[in-house]
Each structure stands twice: as structure tokens, then as C-alpha cells.
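Student: Sequence:
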Amino acid sequence: MSDVAWQHAVEILRPHVVRISTPEHSGTGFLFAYAAGGGICGIATAAHALAQASLWEQPIRLEHAASGAERLLRPDDRSIVVDEKTDTAAVVFLRDDFPLPDDVLVSTPEEVNFRVGIEIGWVGFPSVARTQLCFFSGRISAWLEQEQSYLADGVAINGVSGGPAFHVDEEGRPVLLGVVSAYLPNKAAGGSLPGLSVVQHIGHLEKWVVSLRSLEQGSAGTPSSAG
19 MSDVAWQHAV EILRPHVVRI STPEHSGTGF LFAYAAGGGI CGIATAAHAL
69 AQASLWEQPI RLEHAASGAE RLLRPDDRSI VVDEKTDTAA VVFLRDDFPL
119 PDDVLVSTPE EVNFRVGIEI GWVGFPSVAR TQLCFFSGRI SAWLEQEQSY
169 LADGVAINGV SGGPAFHVDE EGRPVLLGVV SAYLPNKAAG GSLPGLSVVQ
219 HIGHLEKWVV SLRSLEQGSA GTPSSAG
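So the sequence shown is numbered by our numbering: it starts at 19 and just counts up by one.
What the hints contain is simulated information worked out from the structure, not anything from laboratory work. A quick note: this is a predicted structure, and the numbers were derived from the prediction, not measured. All C-beta atoms, glycine included, are put in the ideal place defined by N, C-alpha and C. Hints are supplied without guarantee of correctness; some may be wrong.
Claimed, not checked - Between beta-carbon pairs, the in silico distance windows are:
1. Q76 with Q25: 32 to 40 Å
2. P77 with R133: 35 to 43 Å
3. E42 with D101: 14 to 22 Å
4. D95 with E42: 14 to 22 Å
5. Q25 with E102: 30 to 38 Å
6. D101 with D121: 21 to 29 Å
The whole structure should be built from the sequences, with the hints applied where relevant.
Tutor: Structure, rendered in C-alpha cells:
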């Protein structure tokens, strides 16, 4: 993949990405679904980035990567759904004037996974550069069928958790394939050596897309909330 192709893909991604801050944690999230004609939006992230805020009903601050606009979401302003088993979560809230794009990115179908050796990228706000949306890349090292997740040969620094992982299609567009979950350092020799990143399959979010669609149809109120 050429440098220009990656640069173009990141610029397409940027308006869909937010930095997530809570009183105790920070992470990354991205727009994955709309409902109610675009009036209700869903931001995907890693479960561990929101677990405490959900449990203790703490405020969550979203910072839009492209514009710098911020939104403070108190418990009454949002619904949170958390799946600790897959380390994925979603924040659902009224869009109002928060400057998210009108369209969501293309996602990999739930039943599709990519082969070992495919080059992928991911973005996020690492703790070493908290205000900068940073780009990372690597190749798929393995597909874990039982966990429905990828192992990727690349780093995921604290703060990048919850960011979108993607590949670039033939037309140069990013296609979402997963949510950055964790970094597994190699500690076999007693120190921390280069390891592997864990990327949860984007299909884990499908159940929340369904929940958002139920809002649009007026059949289920808001998704069940943990905080």
C-alpha cells in the first residue's frame, strides 16, 4: 500500500473519529451508526475505556478529531451498552450540532474475515500524544475464530483502545474491519518486547446497529443502558 493511499484513507476517517475522556480513562471512538434520520448517533469504542464511567455514572467527554468540537455527556444525556466479553462498547446520544459526517463508513460484513498477511491500519489518540490522532499499521498475524478477533503485527499504545481498524479498498476508501482492543507485549524473556495488537471484529457491533434501527422504527425506546 502506498503512503499516499494511507494518507488519503486517514483523512477520510478523521471526521468519524473522537477522543473519549472520562475522569479515570481515555480512549478513542468512532461513528458506526445513525438512527432517527441522523438525529441519534452511535459511537463505538472498547469496553474497558467506558466500564468505570458506565458503572459509576460518570461524565464522558467527546472531542471531535477533525474540528476539535467537544461534547460533555452526562448520564442523562446518553445510553451506554457494554460487552465485556468482546471488549466492545457503544455510546448512543442525540447528535444535535455535534459535527459528525452525515454518512457512516463502510464496514466489513459480520460473516467476513480477512486472511493472514493482509496489511491493515488503525488510528487513535495515544497517551504519549493525547491531542494527536495518530496512525498505525501492520499485518494480520492470525484470526482467532472463537474470539472473533484478529492479532495484528503492530503496536497499540494506551489511549488508542477503541479506535477503528481498517483496510483500504481498491478505490482508496477505508473499510472498517474492527475495534482496537488491547496490546499483548512479549514478556517471555522477562522484559516487554514487541508483541501483537488485538482487534475485535466489527461484527460485534451489529447487535447495536440493530438496536439503533429499532429506535428509528419506534419499537424499542433507547437501547438497554448500563450508565
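Student: All hints, please: hold or fail.
Tutor: We went through each hint and held it up to the structure:
1. Q76 with Q25: 32 to 40 Å: Given a distance of about 36 Å, which is inside 32 to 40 Å, the answer is holds.
2. P77 with R133: 35 to 43 Å: Given range 35 to 43 Å: holds, Cβ gap about 42 Å.
3. E42 with D101: 14 to 22 Å: Holds - the Cβ-Cβ distance for E42 and D101, about 20 Å, lies within 14 to 22 Å.
4. D95 with E42: 14 to 22 Å: holds (19 Å)
5. Q25 with E102: 30 to 38 Å: Holds, since Q25 and E102 (Cβ atoms, about 35 Å apart) stay within the stated range.
6. D101 with D121: 21 to 29 Å: holds (25 Å)
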